[in-house]
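Construct the entire structure; sequences and hints are all you get.
2 protein chains.
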Amino acid sequence: MAISSFHPPQRTLMGPGPSDVSARVLAALARPTLGHLDPAFIGMMDELKRLLQYAFQTENAMTFAVSAPGSAGMECCFVNLLEPGDKVIVCQNGVFGGRMKENIERCGGIPVLVEDPWGRAVDPDKVEAAFGANPDAKFLAFVHAETSTGACSDAQTLCAIAKRYGALTIVDAVTSLGGSPLKVDEWGIDAIYSGSQKCLSAPPGLSPVSFSDAAAEVIRQRKTKVQSWFLDLSLVMGYWAGEGKRAYHHTAPVNSLYALHESLVMLQEEGLEASWQRHCDLHQQLKQGLAELGIEFIVPEGDRLPQLNAVTIPAGVDDAAVRAALLADYNLEIGAGLGALAGKVWRIGLMGHAANQRNVDYCVAALREVLSR
Amino acid sequence: MAISSFHPPQRTLMGPGPSDVSARVLAALARPTLGHLDPAFIGMMDELKRLLQYAFQTENAMTFAVSAPGSAGMECCFVNLLEPGDKVIVCQNGVFGGRMKENIERCGGIPVLVEDPWGRAVDPDKVEAAFGANPDAKFLAFVHAETSTGACSDAQTLCAIAKRYGALTIVDAVTSLGGSPLKVDEWGIDAIYSGSQKCLSAPPGLSPVSFSDAAAEVIRQRKTKVQSWFLDLSLVMGYWAGEGKRAYHHTAPVNSLYALHESLVMLQEEGLEASWQRHCDLHQQLKQGLAELGIEFIVPEGDRLPQLNAVTIPAGVDDAAVRAALLADYNLEIGAGLGALAGKVWRIGLMGHAANQRNVDYCVAALREVLSR
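Protein sequence lines correspond, in order, to chains A and B.
According to numbering that gives the first Met the number 0, the first sequence is numbered sequentially starting from 0.
According to numbering that gives the first Met the number 0, the second sequence is numbered sequentially starting from 0.
Any given hint might turn out to be false.
What the hints assert, rightly or not - Short, incomplete list of chain B residues facing chain A, as computed with Cβ under 8 Å:
| # | residue |
| --- | --- |
| 1 | 1 |
| 2 | 6 |
| 3 | 16 |
| 4 | 43 |
Hints are computed from structural coordinates only; laboratory data are not their basis.
Where a beta carbon is used, it is the ideal one built from N, C-alpha and C, also for glycine.
See below:
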């Protein structure tokens, strides 16, 4: 029953994430492990913070990476900001808005649900109406880029509404960070979380987050302890912030942070706007290729994310069989539908390092061949 | 302000963890990323589970790695097992027993504290007395190997006491797993968590855990939802367990799991007992070397962990200056004291891949030289 070393096949990752990780980032991942209090490592953390500030387009001091995947980044935002009884307007137009609602409930918060159809952007008018009916809401929570549907919501407009009602905003940018326009300070986002494995193309396992000064003040003024010790920012920030001396909280995922650092250095080299444009351009190429195959998008053109293309599975086509064939014969991963869209859509990712011409051509050619069998 | 790639120095890691990661494990870490639902990855997860069962010496079906560091593994045990009002006898003989107490409180549990001096094992008589005074306690929580002091407690005896009182046991094995005798099933441990970065010598960021059938039943019978969505085992196990189809919960830290898998393959190749013996043998060598320098252990001989050697800083020696010199001149990391022992002790780790003759000789020689300056 001896188990031997694992050698994964080399896939092309065009699902909803993780996306292809570049050789450069994998090389960074495998550099020698340092202690989590080593001055050399602390220096890298400082750089990582500045790189994340650039990616998020923010000056927020409280900008760092949660030592766990995006779901933990989401939880980090809710458990630190909410106290029992707090009312939160939460928008659901896909799987992840529902996960936000679940988090609110588990913190003892009171969710006010604003629902939109899966595959559509959040409707600002409904949010405005929800605030009108609930002027005591302390927070607005929504998903900027719904990974389950490929719809992009107008974060700037939604944040402006919240501000008019004196509410703070909590935004899911798991799939948008690095891939589409996102301006934390300019748009007035108060708390935001993302993932390392989407448009940043680092390996999965880390969640970049950022908190505005107003959010930081809410955390400082809490009357109750944060229910999670691991995610308690009053403790975590003793490690990530602080001039000079860092207080041990938990052992940071050292090598994963190297990889995130490298992926952000690459983003800085390319330039944020250039990366946004690349995702846009490649999306247009993919759209054209899919149109030739008669494959249609589920999201109206104006609401579409370039990096997550949710398309209708053609009538009579066996969803699982096609994905299995792409994997077996082409080492190509595309994503299945999630939640209410399971079995109905495919999700084709064009994220980060995977957003390139070669991948688009390969994916369209592979789909053409498999669908014609 | 352009930031360039990070190239860490090559240290020798003899602190309280992370420990030196072998080239083999780093190579595994850098293998091509797979999707978290890829059949090839699911196959690796199944192997990883069997390898962890071997390391923990358990048949527990609910054995896997939490997608976050040991502190999250601790929190995973408490949030899933405890419900508000549950009484827990919790032993504190160092930093990490205190962290357990903090977790209990944040879950709404009622901690009954059993205190022992830092640097000593947990006293079974005190635990017996605590159960006598609190026969309604539902859990006993203690640290098997206190990373802050280097003391090893008698987990088998403590678990037997808990069983007599019908209580389940929650055990911190962050520093013991792979490095000293630990037999989950034979000793009757109900919930246990560890870390990837100690005696397994994988990079930091994952927490191996295991739950007995009795613990799993307590989780199934919960009347309240687990307060953490990310750590909720009723959801997590839909991804890690299940024959065939896995339900997406969060995106697994794919590459980090490759590395943990490889480190466990290496443990299996060496053999668990051989690894325990190696840690013991190298500890004896280190003890002899330190004795020649007049450096003394803070833990009585019978309670000492071989892999974590907490020693008194010789009188008149500048703690920080010595550690800084070891780092600067020898690329050698040893650990500072933590909590009540800060400034009073050094913690010299001999963990996993770092527990070898070369490291022992190097450490003793470097200390000799730096202390004689």
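Hints versus structure:
| no. | hint | result |
| --- | --- | --- |
| 1 | 1 | holds, 7 Å |
| 2 | 6 | holds, 7 Å |
| 3 | 16 | holds, 7 Å |
| 4 | 43 | holds, 5 Å |
Consistency note: the structure conflicts with none of the earlier hints.
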